[in-house]
Amino acid sequence: MSDKAAIDHKTWFTPFNAISGTIIIIGIVISILRFTVGLGAVTHLSDDNPWGLWIGFDLLVGVALAAGGYVTSAAVYLFGMKKFHSAVRPAVLTGFLGYSLVVFALTYDVGRPWRLPYPFIMQQGTTSLLFEVAGCVALYLTVLFLEFVPAPLEWLGFKKVRELAVKLTLPLTVLGVVLSTLHQSSLGALYLIAPSKLHPLWYSTYLPVFFFVSSIIAGLSMVIYESALSHHYFADKMDAAHLQESEGVTLGFGKAASLILAGYFTIKVMGIAGGDHWHLLGTPYGLWFLVEMIGFVALPSFLYAVGVRNKDVTLIKWTAAWTVLGIVINRLNVSLIAFNWHLPSARRYFPHWMEIATSVFIVTIGIVLFRFIVTRMPVFYEHPEYKD
Amino acid sequence: MSISRRRFLGWVGAAGMGSVVGKSALAAGNKHFDGYHESLGVLHDISLCVGCRSCEAACCKVNELPVPDKPFTDKHVLDEERRTTAEAYTVVNKYGVTGKIGPSFRKIQCNHCAEPACASACFVKAFKKTKTGAVTYDASVCVGCRYCMIACPFEIPAYEYNESFTPRVMKCTMCHPRITKGQLPGCVEGCPMEALTLGKREDLLKIARERIRKYPGKYIDHIYGETEMGGTNWLYLSNVPFSDIGMREDLGVTPAPELTSGALSVVPLVAGLWPVFLMGIYAISKRKEIVFKEELDEAAHSRTKEDI
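Protein chains in written order, with our numbering: chain Z, 7 to 394; chain G, 1242 to 1549.
Just so you know, these hints were derived from the structure itself, not from any lab. Possibly wrong hints are sitting among the right ones.
[What the hints assert, rightly or not] Below, a list of computed lysine to aspartate or glutamate pairs in the DMTMM-like style, where the Cα atoms sit at most 20 angstroms apart: (1) G/LYS1527 - G/ASP1538; (2) Z/LYS203 - G/GLU1530; (3) Z/LYS203 - G/GLU1535; (4) Z/LYS203 - G/GLU1435; (5) Z/LYS89 - G/ASP1491; (6) Z/LYS323 - G/GLU1490; (7) Z/LYS88 - G/GLU1535; (8) Z/LYS88 - G/GLU1490; (9) G/LYS1335 - G/GLU1499; (10) Z/LYS203 - G/GLU1536; (11) Z/LYS203 - G/GLU1404; (12) Z/LYS203 - G/ASP1538.
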């Protein structure tokens, strides 16, 4: 009896559980502080810097990296690329978890989170791009839930409801693409109102287009990167179809990412030309801009192309991780690094360690939930009773 | 309420005329809003300000804000450049200006834009441009997203970060409750130098122009706030360049709402046309599949024929 307990204990105490458990405990302590003492106790937010890491990373990066859901489902269900079918469920799951956590993170950032429905039920501030973002994110979260719900329904054995949910696939996919186009671009458009605060190299009237196009890149790269990680950790959960299609997904998505990165590079250059900001490239901000443009846009576009040409899956996977990092840098540049660039350094923002810990805590919740779901529900494999 | 036939026809006629004459509120329309004509404003003549901080003291008192640790008579506070905070709707800063003997002082507070960025950015309409000229804030609907603070080009709204349950955005209200009662705003009343003048914005512009004309060489020939960000109800006259006293001259004349109206106008287009476009792509990919299958069948069929 005692032996058995010891064994149970041992199997439960894995490095993954230990690390994620510690992060979650720290996260809970900070959460209590945040919701009892206030934002001032756990953040470095100020009157000059009202948006910090929780908007820059949790919202902007979170939404961009969760774009894999609409990108993959559009490719498979609308563009008829059926060979990528096995990639849909993991991508939709990531999207659903990603958006859920974005909303969860927002409850930390806004002053009175219980009022989050107010823009819809009290007064509609329709002149605000944030209104559009809020509306689209709320609707899209619902869409993602409905897109993902067949998996838990198969797991629970609710056949009839599952049939109904599957029938909605096409309209949901269309709605998902429409809503994603709108709010991915609107997140960039949020900054259109502040030309005097965002550095001219990042400020452009094309900001909404930049954000939308780069969200496709983020979605494609996340699917590749995640698939690489999943193959490492969850290979035993994958069925033959998933394993067989996986290389094709990596090559196909890598090819698309290479092309879209090239297009993105072009429109970014046009943004500089349109504003005639060439002379700013020689300044420190200009050099940082060039690092982003050459290191994280042009280079991955080239590496993806080489990887696809040589069928070098390893190179594509590393490039995907690099591109994801590039998206993180871009979103942080717009929201934090190049924002308020005109202020003296004493009035600039650097996150409090508790803000960083909260973001890590939220990402950890996402990983734990992802792991919980894929080890139980048919995500990496087709349920034997529901083969379409 | 009973509606007579005549009145009903009148309404129909009015609606018809309305749609013909059309008062379009479209982003790209011809409509131009140049502010409420009867609205009030304040003219701040920077050349008259001596940095006594009486306006700060008066503001603190009438708005019942917390009294700061250092008294308002302490002039050392001016050695550091300050901005508005949740505890101070207005602050005075001291600037050394090259080529001028003695420092210059400038009072900072909400400029009460004709078309406010904060009101345009707010997704619950917590901010309102009133006909009195004041931009007011309603804490009872505020979610606390702080997008108003991102949007404000003058860096005015502040937030109560240390309030755990009822944090508010804090900013000057032009003493809206007082001016609607016919009283002066606290700061205007408190100023011993008459550096602040309350009046109709249109009259203030005339006064400002008159001062520039009367004292040639004294003032910079520009009324700050007349056109900045589409115009503000707080106006400034200065005897030193505005950029030397921390006022941005690169804000442009475009009202903040116009900066985002283009992006907003795309929303209905995407919502309307994207589904059509996407279903078109779907139809093409579906048809390709059908044709492929037909050709496959045909090939198989002819193969069997040959075999026979």
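Status of the hints after comparison with the structure:
no. : hint                  : verdict
1   : G/LYS1527 - G/ASP1538 : 17 angstroms, holds
2   : Z/LYS203 - G/GLU1530  : 51 angstroms, violated
3   : Z/LYS203 - G/GLU1535  : 60 angstroms, violated
4   : Z/LYS203 - G/GLU1435  : 33 angstroms, violated
5   : Z/LYS89 - G/ASP1491   : 53 angstroms, violated
6   : Z/LYS323 - G/GLU1490  : 48 angstroms, violated
7   : Z/LYS88 - G/GLU1535   : 18 angstroms, holds
8   : Z/LYS88 - G/GLU1490   : 56 angstroms, violated
9   : G/LYS1335 - G/GLU1499 : 34 angstroms, violated
10  : Z/LYS203 - G/GLU1536  : 60 angstroms, violated
11  : Z/LYS203 - G/GLU1404  : 27 angstroms, violated
12  : Z/LYS203 - G/ASP1538  : 63 angstroms, violated
Of the numbered hints stated above, those contradicted by the structure are hints 2, 3, 4, 5, 6, 8, 9, 10, 11, 12, listed in ascending order.
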